[in-house]
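Given these sequences and hints, build the entire structure.
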Amino acid sequence: DTGVSQNPRHKITKRGQNVTFRCDPISEHNRLYWYRQTLGQGPEFLTYFQNEAQLEKSRLLSDRFSAERPKGSFSTLEIQRTEQGDSAMYLCASSLDPYRTPAYGYTFGSGTRLTVV
Amino acid sequence: SQQGEEDPQALSIQEGENATMNCSYKTSINNLQWYRQNSGRGLVHLILIRSNEREKHSGRLRVTLDTSKKSSSLLITASRAADTASYFCATDAGRPASKLTFGTGTRLQVTL
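Chain order of the listed sequences is A and B. Its first residue numbered 1, the first sequence is counted upward by one per residue in this note's numbering. Its first residue numbered 1001, the second sequence is counted upward by one per residue in this note's numbering.
Take the hints with a grain of salt, since some may be wrong.
Stretches of chain B that chain A covers, calculated by requiring three or more beta carbons in the stretch to come under 8 Å of a beta carbon on chain A [what the hints assert, rightly or not]:
(1) 1034-1042
(2) 1091-1099
(3) 1103-1112
Since the hints were derived computationally from the structure, they do not count as laboratory data. All C-beta atoms, glycine included, are put in the ideal place defined by N, C-alpha and C.
Here is the structure:
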């Protein structure tokens, strides 16, 4: 494993189109998080998975957003009917269960930058 | 929503000088973490300090935590041009999600 991998790095889409992003976490990490970051701001929590179970979703995650983590491995984040306000950097992070191992922080991917035109 | 604020928003220093960034937060925490972000890239974990710790060191980094004031500071000693980046503090409220709530960040510019 060389870290958390996110694809694509950049995505430009027209308003109203659907987009899907992929995140491949560090293989032994059972926790996976999605964050969104707009220009000049810190990342904001969207959702997280413990293995394949999605355990919490932020109010930021409208009905147009859906995330999956089949078999507890990679994860996808889909945005349907994109809007210009969805333009942001979407960051994925993974970690071990912080309550079974000494907490050491997340490992983030490089992000997917989405531009909705 | 952002957990708190970082101060200053931007900092410009010369190579070799020390850089100090401050972070304030609003709610109880399990731990506080600092991350670095180079322009347009993901975040890199720098250091984690637990709520029962007051100070921690890692290489040229020194972090302090004052839970009574709900504040933390990050000191980078002997800064280098490669330290140029945005620095974010993030609080972890603990169970169950252990999700992070980030501050607004400090943009550090280190010039030669």
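Hints not upheld, ascending by number:
When the structure is compared with the hints, none of them turns out to be violated.
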